[in-house]
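Protein chains in written order, with our numbering: chain A, 553 to 874; chain B, 553 to 874.
One should not assume that every hint holds.
Since the list gives no way to pick out one identical chain from another, each pair is judged satisfied if it fits inside one copy or across any two copies.
Claimed, not checked - Simulated pairs of lysine to any residue, SDA-like, Cα-Cα distance not exceeding 20 Å: (1) K577 <-> T606; (2) K720 <-> L831; (3) K617 <-> T600; (4) K617 <-> L651; (5) K804 <-> E687; (6) K577 <-> L789; (7) K720 <-> T644; (8) K617 <-> V772; (9) K720 <-> S638; (10) K873 <-> G596; (11) K554 <-> T578; (12) K695 <-> V685; (13) K598 <-> S770.
I should point out that these hints are in silico values taken from the structure, not numbers from a laboratory.
Number of protein chains: 2
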Amino acid sequence: MKSILITGISGFVGGHFTRYLLNTKTGYDIHGVSRSEPTWDFIGDKETTLRSITFHKCDLLDAAKIHTVIQDIQPDYILHLASFSSVAQSWTAPLTSFLNNTNAFLNIVEAVRLQGFTTRILSVGSSEEYGIVPERDLPLIEKRAIVPENPYAVARVSEEYLAQVYVKGYNLDICCTRSFNHIGPGQSDTFVVSSIARQFAEIAIHHKKPVIKIGDGSIVRDFVDIDDVIRAYDTILTKGVSGEVYNVCSGKGHSILDIVQCLSGLTQTPVTVEQDTALIRPVDNPVLVGSYDKLHRATGWTPGNSLENSLEKMYGYWHNKL
Amino acid sequence: MKSILITGISGFVGGHFTRYLLNTKTGYDIHGVSRSEPTWDFIGDKETTLRSITFHKCDLLDAAKIHTVIQDIQPDYILHLASFSSVAQSWTAPLTSFLNNTNAFLNIVEAVRLQGFTTRILSVGSSEEYGIVPERDLPLIEKRAIVPENPYAVARVSEEYLAQVYVKGYNLDICCTRSFNHIGPGQSDTFVVSSIARQFAEIAIHHKKPVIKIGDGSIVRDFVDIDDVIRAYDTILTKGVSGEVYNVCSGKGHSILDIVQCLSGLTQTPVTVEQDTALIRPVDNPVLVGSYDKLHRATGWTPGNSLENSLEKMYGYWHNKL
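Make the full structure from the sequences, and use the hints.
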């Protein structure tokens, strides 16, 4: 029996990963930690899922508590998903963002190091680590310089560097990702694509005016479907090389306006777009597109979902929920 | 009247900087914070120096307290010296090292940002940020990639990236240094050169066996005299360009064995060297030498003290103290 500890299990990625483990694997003792119990309104069989795992209510900034939890579980794997993952919110609360990313990670690796466990850990980073990127550097490969340009990105870069030091200096077993923008049902509408999908659902259900509010519509991101992300994390946990960093991405770029257009087509709803200056960030990347070549070569992973497919699931989620 | 806040004022660099300000400038309202009151056994006129400043007892991890201190002072300048600055100790206490570097810095810049002050801040970083360096990259220039290889270096890189984000995203006025190994009288003997100087003084005074214990004697560092460091920090505070990073170094490399030899010559004491494996670090740089060209071009600064000169002062300090 292998044991796995999923931090931030109550979140969007945590819920999808838990459901995936239960659906596709046997012989896993699944533990989750989070500050709050899972609600997971995006999982059909939520109650069954909850009964199949052990949930530990714990703030990852509580070093003593996380030490005890890890001592009790002695996990073979830790999937560290807990994070303060909004770039926009990191500008308004840079200190909270930093603590809840970097210090939370440090508490976990310290618990593993001090207890001498051989746990394989997956540290989830972000495409934001690459910073403002000229077009000639696209698609981004892992060897490119990282230049974090917002508080969230700095925290992610710090975590990645800490991971490298724990691998080389203390012989811990850690793989890292630079994950590009996830999208999928259940994602908070503080993230732009989920917000747009929600606005389309509101137009359909609440007969709102067909106006979509966005920040800068021209920014281009590499949106990767949550189901593809989950498979990538599972693959890296089992087949990744310790100390290595892997992009997790779709390899394709789409602008925010593309998202609006695609959802407009899918829902057959003509809309106008309104720019909300409050959603514009102090410093932002015009374009971020990744290459998943390294991950593919190491593990055979490829993304399986199209943008249309993801947006359809997200629209369906909000349509059901509202 | 200009006001300056020196964090970590009770330390080695803090004491030297305070004495320098009082000796060379007028019209400065000098404030210092530290967890403990200055002892400064390396300053001749310690009591006069203490009476000439305002001391605030404060842990920089106490965000609320540091906010109030900065609110009261409204400093024109902040020289942020407080740090957990030992690489060796960062390997045994990585969490403490990280918190006392990165989070302390964040509390300061947050206090300045949230109160809208136009304070010029100097963030002190380290040559350790460059990582393991091939000989062809020497002397190191600021444009070279940074690859932190120990917990202390990760914290310093994180602080530098945070500083850049606060400059670009919030318009704060921050200059950064990558300071190479300081040496001078009053430095703790947890640092290698001070430890060697102390051992030579012990041989002379306590008639100890002429054996010098060191870690890896072959490692080469760029040792820069404390008086030169102080002048560099003053110069950057007044003439540096916001957002820029400056090496503070001597431009010359010396091995640990060179230090032993030089002190052996200065004190006319033949010694043997004993390697203490406890002093060897998990991952270490064989050679680190910097270029101060950028700082020189920007401000005219050049180092003024030779290695012999520094070692003589350090030996004298330990000789008096023991």
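Hint check results:
1. K577 <-> T606: The answer is within: 17 Å in one copy meets 20 Å, while 64 Å across copies does not.
2. K720 <-> L831: Cα proximity of K720 and L831: across copies only (18 Å, versus 40 Å in one copy).
3. K617 <-> T600: For K617 and T600, neither the intra-copy (27 Å) nor the inter-copy (48 Å) Cα distance is at most 20 Å.
4. K617 <-> L651: both (16 Å within a copy, 18 Å between copies)
5. K804 <-> E687: within (13 Å within a copy, 40 Å between copies)
6. K577 <-> L789: This pair counts as within: shortest intra-copy Cα distance 14 Å, inter-copy 59 Å.
7. K720 <-> T644: Between copies, since 14 Å is at most 20 Å while 35 Å is not.
8. K617 <-> V772: neither (41 Å within a copy, 42 Å between copies)
9. K720 <-> S638: For K720 and S638, only the inter-copy Cα distance (19 Å) is at most 20 Å; the intra-copy one is 30 Å.
10. K873 <-> G596: For K873 and G596, the Cα distance is within 20 Å only inside one copy (12 Å; across copies 73 Å).
11. K554 <-> T578: This pair counts as within: shortest intra-copy Cα distance 9 Å, inter-copy 68 Å.
12. K695 <-> V685: The answer is both: 14 Å in one copy and 17 Å across copies each meet 20 Å.
13. K598 <-> S770: neither (37 Å within a copy, 61 Å between copies)
Hints 3, 8, 13 from the list above are not met by this structure, while the remaining hints are.
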